[in-house]
Amino acid sequence: MAAYLFLSPWVIGLLIFVGGPIVAIFILSLTKWDLLGSPTWIGLRNYINMFQGKGDFWLVFANTLIYTVIGVLVSVVWALFTALLLNQKVPGTGLAGALFFAPAVVPYIATAFALQLI
3 MAAYLFLSPW VIGLLIFVGG PIVAIFILSL TKWDLLGSPT WIGLRNYINM
53 FQGKGDFWLV FANTLIYTVI GVLVSVVWAL FTALLLNQKV PGTGLAGALF
103 FAPAVVPYIA TAFALQLI
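With the working numbering as the guide, the letters of the sequence shown map in order to residues 3 to 120.
Simulated from the structure, these hints should not be mistaken for lab results. All values derive from a computational prediction rather than experimental measurement. In this text, a Cβ means the ideal position worked out from N, Cα and C, and glycines have one as well. A portion of the hints provided could be inaccurate.
Distance windows between CB atoms, simulated [as the list claims (entries may be wrong)]: (1) F115 to N48: 37 to 43 Å; (2) Y110 to G45: 47 to 53 Å; (3) Q90 to G55: 50 to 56 Å.
Using the sequences plus the hints, can you model the full thing?
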């Protein structure tokens, strides 16, 4: 039972900060709104128009899919190449590894130094 009490703040935060915007966006998607006037309720008409081809949905969907697949493949290949390169017993790999990981570590170090000044 204590575990649920410890989890409850996280669950409440999740519902408010993730669930709330999802519900709000879904409700707004059921309206026609040009941001200048007030929203007009049109129900599922936006979704019907989207899937019937009235607009660029399928073109945008295909472009997003291609962009995602290429981005993931390039990221994985680059990460594997970098890992293999840094794993070699060549002079300078320690410095290269430090320079590679520095952007991930420096903000935390700066935060630690700033908190020490408080």
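Hint check results:
1. For the pair F115 and N48, the supplied restraint of 37 to 43 Å is violated, since their beta-carbon distance comes to about 50 Å.
2. Between Y110 and G45 the Cβ separation comes to about 48 Å, which falls inside the hinted range of 47 to 53 Å.
3. Between Q90 and G55 the CB atoms are about 52 Å apart, so this pair conforms to the stated range of 50 to 56 Å.
The structure is inconsistent with hint 1 alone, although it conforms to all the rest.
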